[in-house]
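Enquirer: Here is how the chains run, residue by residue.
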Amino acid sequence: MLRHFRPAITALIAFTLLLGLIYPLAITALAAGLAPNGAKGSLVATARGPVGSALIGQNFVRPEYLHPRPSAAGDGYDPTQSGGANLGPLDPKLETRIAASVKALGVAGASVPVDAVTASASGLDPDISPEFARLQIDRIAKARNAAPRAVASLVESHVRGRFLGVIGEPRVNVLETNLALDQRFGPMPR
Amino acid sequence: MTWQGWAEIALTLALAIGLAWPLGWVIAQALEGKPVAGLRSLAPLERGILKGLGPETETEQGWLAYTASLLVFNGLGFLLLFLILIGQGVLPLNPLKLAGLSPDLAFNTAISFVTNTNWQAYSGETALTNLTQMTGLTVQNFMSGATGIVVVGVLARAFRAHRGEALGNFWRDLVRVSLYVLLPLSIVMAIALILQGVPQTLVQRLDLTTLEGAKQTLTLGPIASQEAIKQIGTNGGGFFNANSAHPFENPSPLTNLIAMVAMNALAFGCVIAFGRMAGAKREAAALVVAMGVLLSVAAGLIYVAETSPTPALVHSGLAHAVNLEGKEVRFGTAASAVFAAMTTGASCGATNALMESFTPLGGGVSLFLIQLGEILPGGVGSGLYGIVVMALLAVFVSGLMVGRTPEYLGKKVEAREIKFAMLAVLILPLAILGFTAVAAVLPMALKGLSASGPHGLTEILYAYSSGAGNNGSAFAGLNANTPWWNLTLGIDMMLGRFGYLIPVIALAGAVVQKPRLAQSAGTLRSDTPLFVGLLLGVILILGGLQFFPALALGPLVEHFQMLNALR
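Residue numbers (the working numbering), protein chains in the order written: chain C, 124 to 313; chain G, 623 to 1189.
These are computed hints drawn from the structure, not numbers from a lab.
All figures in this text were calculated on a predicted structure; none of them were measured in a lab.
Beta carbons are placed, not taken as given, at the ideal position from N, Cα and C, and that holds for glycine.
Careful, some of the hints might be misleading.
[To be verified] Capping the alpha-carbon separation at 20 Å, the derived lysine-lysine pairs in PhoX-like fashion look like this: (1) G:Lys673 / G:Lys656; (2) C:Lys163 / G:Lys837; (3) G:Lys673 / C:Lys216; (4) G:Lys903 / G:Lys656; (5) C:Lys216 / C:Lys226.
[As the list claims (entries may be wrong)] Rough simulated footprint, nothing fancy, chain G against chain C, three-plus residues with beta-carbon under 8 Å: (6) 159-170; (7) 179-192; (8) 202-215; (9) 239-252.
Given these sequences and hints, build the entire structure.
Expert: What follows is the structure, given as structure tokens:
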């Protein structure tokens, strides 16, 4: 049995150095050159510093912004507690929550896009469906005192299609669109 | 359902299966000790490591020596990871001053990563330091994957030998598979992920102020390097709690496609490598066809199930909706369904959606894929040895039907081989059903459940299936970080890994000694559609007999409850 220990210990040390330190650190160095912003988390920079990551959703609640999906990560969109609601399909809590979300949207269930009332798996979904974005155009236009058509055309310009026409789903990035709204129509006074 | 959804599912499966041939060549070259094109510059490194490992690397090992090397290496790997996990509080690279894990959680997590399961009872973003993620988890992601792949070499050498003894050398196989297969593929994939926006940094936290003036704390780390081997090695343990649903692990539909192909292509490739090495290319292709057919059917079934609305949606007027609860907008139902099929078909266990919130049939099909023994296409290496065991049982059953001594790849399949094969196969129902039965009546275990009734039973059944199948995905409503769950799932994972692997190597030790027979007119050919059908029959009947009663009480009852609620 002992003759198996020397190679086992040596292999563990060698591979911990190679795969546990050299590999990730070399990739880190490479990433800093290949994609300096992406490697640091795809930060969205503004004049007053970063306002978020383009990949991580945020809990927008003010009427002049696109609102995201319901989130179960912490108190909503908390990246230190990623995760979903973990409710089974027949869980009564799911039924209550969805009914409340539909009511809060103030439109008939038949015209509610499903992503508007369902929580994502990560709790950090940065996107909403184009349908959910369109549903919010009137509210945003009213809050910003802007023409609905102008808001609509800005939203449409932020619709991202499927990769190669079939991979993934069409979507609208909430943070990027909200930043564009502020740039186009001016930030709202607080 | 959309045509784009079906096209995405078809494209994903085609890519994963198609890449098996080039990858199979690479794996076979590595295991044969032959040069891999483009990687000749690694040869000095290989020689250096082997020299450091000592004279044992120059021997030809029989099945006992091979198993001993493998177990000692995995045992010490467990010990090292366990020590890193409980000691991370005093180790460097710990700016958040995180404490070490509790002993039961460290035990569970160390077994989990050494057995290629990657069940996660902890939450990556709050429990682990970057040093633990890199030197602990990432290293075992490589080592457990390589431990699976080396068995491809063992089985191939057993079948091609004529009255032989030697099955290769564990250390040479381990070093060559790590250097020539897993490391280069991981580097390529990590770079692809970085170009798509996956972070790779040593910063762990970043505070910022949002447009609305609220505070948000981003969690970062060396994600891309770990994500790559997590998928390629069919490990599945996410950097974050949300795993491949987390936008930093899987930011776009393209990274999702890469992740799916990565977690299946190498496992299919192991089958092709086996065929190349054992001189049985057509027979290996037949195995790939059988795996591919079942996997594709399962992906389609899950997609159909997930595109129907749940009662909670219908009752609020969303009769038009798909089941998007617990799914990401960028993936939708199609990419979530095919991901679920591929992660449970392979013993990967990464998830890009919540299994807990799948429809009863969507979750049930995924659960059944795990219980079939993770052979569609299974984990790297483990899928190959799982399907070879099934093929042996298939020729045995057909031999009984026609009254001839069965053969597979020129080797007679006799009582000893079938005993080892059954020993391996029976470990799954023993571990899964045994632990489930106990947990279902034990208050200490039931405290962890988040649901009652059939959904609660499915949570238990899924947990022990995932553990013994070395999958690692979960019905995550279950609170599994308690001493009961940590300890029993740890044992469950160990049984499922080594209780399967050791009989398989022993089986190889029996097969290697047999003479290699020439094919005669009476041989049942194992490269025909007839054989594929026979193999599928054996897989489904065996899996069904073992697990249908349990599935009937869980997902099936819940499905009928759902139909009732929809009326």
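Enquirer: A separate judgement is required for each hint: does it hold in the structure or not?
Expert: Here is what the structure says about each hint:
1. G:Lys673 / G:Lys656: Cα-Cα ~18 Å, so holds.
2. C:Lys163 / G:Lys837: holds (18 Å)
3. G:Lys673 / C:Lys216: violated (61 Å)
4. G:Lys903 / G:Lys656: It holds: about 18 Å lies between the C-alpha atoms, which stays within 20 Å.
5. C:Lys216 / C:Lys226: holds (15 Å)
6. 159-170: holds (count 6)
7. 179-192: holds (count 9)
8. 202-215: holds (count 13)
9. 239-252: holds (count 13)
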